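These are the residues of each chain, in order.
There are 2 protein chains.
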Amino acid sequence: MAKFLTNREENYAQWYNDLVIKADMAENSAVRGCMVIKPYGYAIWERIQAELDRMFKATGHVNAYFPLFIPKSFFSREAAHVEGFAKECAVVTHYRLKNSPDGRGIVVDPDARLEEELIVRPTSETIIWNTYKDWIQSYRDLPLLINQWANVVRWEMRTRLFLRTTEFLWQEGHTAHATMEEAEEEARKILELYSDFVENYMAVPVVKGVKTDSEKFAGAIDTYTIEMLMQDGKALQGGTSHFLGQNFAKAFDVQFTNQEGKLDYVWATSWGVTTRLIGALIMAHADNNGLVLPPKLAPIQVVIVPIYKGNDQLDAISGIALELKSQLEKAGITVKYDNRDTQKPGFKFAEYELKGVPVRLAIGPRDAEQGTVEVARRDTLTKETVSRDNIVEHVKGLMDEIQKNIFRKAVEFRDSNTYRADTWDEFTDIIENRGGFVLAHWDGTPETEEKIKDLTKATIRALPFNNPPEKGRCILSGKPSERRVLFARAY
Amino acid sequence: MAKFLTNREENYAQWYNDLVIKADMAENSAVRGCMVIKPYGYAIWERIQAELDRMFKATGHVNAYFPLFIPKSFFSREAAHVEGFAKECAVVTHYRLKNSPDGRGIVVDPDARLEEELIVRPTSETIIWNTYKDWIQSYRDLPLLINQWANVVRWEMRTRLFLRTTEFLWQEGHTAHATMEEAEEEARKILELYSDFVENYMAVPVVKGVKTDSEKFAGAIDTYTIEMLMQDGKALQGGTSHFLGQNFAKAFDVQFTNQEGKLDYVWATSWGVTTRLIGALIMAHADNNGLVLPPKLAPIQVVIVPIYKGNDQLDAISGIALELKSQLEKAGITVKYDNRDTQKPGFKFAEYELKGVPVRLAIGPRDAEQGTVEVARRDTLTKETVSRDNIVEHVKGLMDEIQKNIFRKAVEFRDSNTYRADTWDEFTDIIENRGGFVLAHWDGTPETEEKIKDLTKATIRALPFNNPPEKGRCILSGKPSERRVLFARAY
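These protein sequences, in sequence, are chains V and U. Each residue of the first sequence is one higher than the one before, counting from 0 in numbering that gives the first Met the number 0. Each residue of the second sequence is one higher than the one before, counting from 0 in numbering that gives the first Met the number 0.
Calculated from the structure, these hints are not laboratory results. From a predicted model like this one, the values you see are computed outputs, not experimental measurements. Keep in mind that a hint or two might mislead.
Stated by the list, open to error - Have a look at the derived ranges for each label pair, beta carbon to beta carbon: (1) U:101 - V:449: 26 to 36 Å; (2) V:315 - U:181: 27 to 37 Å; (3) V:184 - U:415: 56 to 66 Å; (4) V:410 - U:97: 38 to 48 Å; (5) V:403 - U:137: 37 to 47 Å; (6) V:260 - U:98: 38 to 48 Å; (7) U:415 - V:133: 35 to 45 Å; (8) U:157 - V:450: 56 to 66 Å; (9) U:57 - V:392: 51 to 61 Å; (10) V:10 - U:97: 29 to 39 Å.
As the list claims (entries may be wrong) - On the chain V side, residues computed to face chain U include the following (Cβ under 7 Å): (11) 75; (12) 89; (13) 95; (14) 231.
Note that the Cβ used here is the ideal one computed from N, Cα and C, for glycine as well.
With the hints as constraints, model all of the structure from the sequences given.
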């Protein structure tokens, strides 16, 4: 199966698309730009959801659900939001169909035109803050720590499975606070939570930082971001957390009585991650044999494949395999026993490599006799023969080891593809010929930022939190700069 | 708090609406017919989802995600579907907004008109069967047992929170099978699963049966249903499972090679339950003090309220309460300790009654001294003083007992409000004056069914599975009938 993948080094974009399709993760639908998330891809999303949801709740957040539709006029309320936010939105104008006069289909009923058009939510700040207005009167009603799991629509012109689709799934947190400090702390706390999740579950290292004014969310005071590096040297924004100040509270007139008895506007944050994370998971770890999934998010952690001739051998091996499966499941490991007789072991091996199953156990007649099992790791593609006596402990150990090893490899890749450029020539050489993260000096003006983007397609991914002060000169303008910022071409 | 509820016996509809609002379950949004599901209401939906999802997976189903939008032409493909299905749909005609020429807002960009309008899914058979066409070639690809958790939109003219809203949340299963028998078995199996869930988790008894042709899903051969009786004597359809035959396979040309090597059309089912179940949960059990939640779905199963004067007493009681909370949580019980100093115990008692928390524990200074706790049950509104020594076992026992008692009460209510009518006068008297389920003879024609509906607003809820053959005469036409069917006015 794996041979049907385009070679990653030859055509990264095609390799990615092949992999998503052939590993049964997702496919394009009949609706332009919208994908179908297939069961195997959706199972990964369910694991992402489960962990994030647990983390949100452990930090005091609750879930709720707000309408899919937003009245058009709401978007005009927050000036920066309407100005900066993409206007590529799906617009509902009618609410009824009818049989066509020729009887050969259905048409939109022209009499069923909405007085005010409804926008399919591209993000929900406006409708949520319009709702919060009625929920918040006093400091006692604060904080509101609410998250929503939902679908959103942005009419993207060029789409790619998981990475950029017209409809996508996400979570969007929308919190309301009595003080600026508390809202800022929340926005930072969520960025830490995202970073924790992406590094410890997805096994992808992140750079944490703040966006420049040109790159921040329309309506935010500050946008915090986690940036990841993909194997083709392009950056991918993994999640953002916005400190919104009082912008939306002012736009929707959400005031509260503070502890001093005075009226003030409420402070806000919003934050989200999307099904794009699945694209990042693929692009950060996969190879020419297929997906490499971190054990903590793999829908199948261990697959058992019997190697046999004839039903007698299969029966004997199945007895052992099912006992093994049950032992592993008791230890909290997700196991599939693949006893299909329609496919040969070699085909199955390739299939589970393609699907990124972390550990494969093969049991043949000799293993059955000798009390052993062949253990293959997806991350290293190595095999060893292990006694079945302590196989559960061995596999549990492997889960940890693979999780760590995948992360370690990704960190090494990121580190060895992070450069410091001090001149324009160095900078353009890296961006054009090597790719990766580039730490360079910038004069702090949006004009220079824009010019660099026009000339190289590289954008400032973040002003990293952990960057030490360092005097230097802007790579383009030569003007003085106080610290380096992180550039890359990005998805 | 409870005193703010309209009396259930005076105005059931208003009582219901008050309760949904005051118990913080949901509210109307700025978008006509769309609700905001508030955190407490959404927490119940999360519990419903968790249990159903577990049950679906235990029976071999997997989740996936299909697009929100469906090309308009897809609806015309299955003749009965387009004919019978509500055409009250949200229609997307444009994909871009722009700043208005006067600079004072945004307008729909007339240049961004879609070639073919997109319908916001009212249900997904059409787009899913269009997708299945590419997934199914051989009997080896079958069965497909796929479920989707999603939002759907039906442009309802008259809406009520949870019961009938323009947008609602649901799950929709869509399965594909090689044989008619297997598809029929699946449709029946899911009905059993729904029935199991509604009776054992929601504690609401159901009548299982099949819909008449006029009431079945547009495009189905048979629609199976579970019908519940609400406290005002009206029926509520809790979930439906459709045997679709080969209708959608034919409409979307989904053929497969069967085991004999011949081409055949695929057999289908679809089935769903919605956020409407939350409305049913409320209407089946709640009283004039508020919600009565079955322990298995209650977001908070036990609340602990301290009764104290001054901080010394509070400290002593809090120590006991937190220890108790931790013990109960270890036993798998969800506990809230409400030590707010802004509200008096009486207010809190009323609040948790309103919110339907199954068990309330109150600890006062005397309880602290004597090693006791006051235990109050929401279902019976009774109190007793219990020693803290075996409180965990006691509360665990109460969880079971309350779950059973609520169900028993609902069964009694249902049974004592199920009537047999043998004449038109009897029938109309019951429907007009008493409400409830009415088992009566019907001549089997859609004309009579329609006439009964016009005259009484009662519909045939189901041809119950468990109805014994019994010769009789149709209550309206007097023509012969072989079995009684179940009538009621319905939500």
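Here is what the structure says about each hint:
1. U:101 - V:449: 26 to 36 Å: 29 Å, holds
2. V:315 - U:181: 27 to 37 Å: 31 Å, holds
3. V:184 - U:415: 56 to 66 Å: Distance hint for residue 184 of chain V, residue 415 of chain U holds at roughly 57 Å.
4. V:410 - U:97: 38 to 48 Å: This hint holds: roughly 45 Å between Cβ atoms.
5. V:403 - U:137: 37 to 47 Å: Because 42 Å falls inside the window, the suggested range holds.
6. V:260 - U:98: 38 to 48 Å: 41 Å, holds
7. U:415 - V:133: 35 to 45 Å: With Cβ atoms ~41 Å apart, the hint holds.
8. U:157 - V:450: 56 to 66 Å: 58 Å, holds
9. U:57 - V:392: 51 to 61 Å: With Cβ atoms ~28 Å apart, the hint is violated.
10. V:10 - U:97: 29 to 39 Å: Holds: the Cβ-Cβ distance is about 37 Å, inside 29 to 39 Å.
11. 75: 4 Å, holds
12. 89: 5 Å, holds
13. 95: Holds - the Cβ of residue 95 of chain V comes within 7 Å of chain U, reaching about 6 Å at its closest.
14. 231: Check failed: Cβ of residue 231 of chain V comes no nearer than 27 Å to chain U, outside 7 Å.
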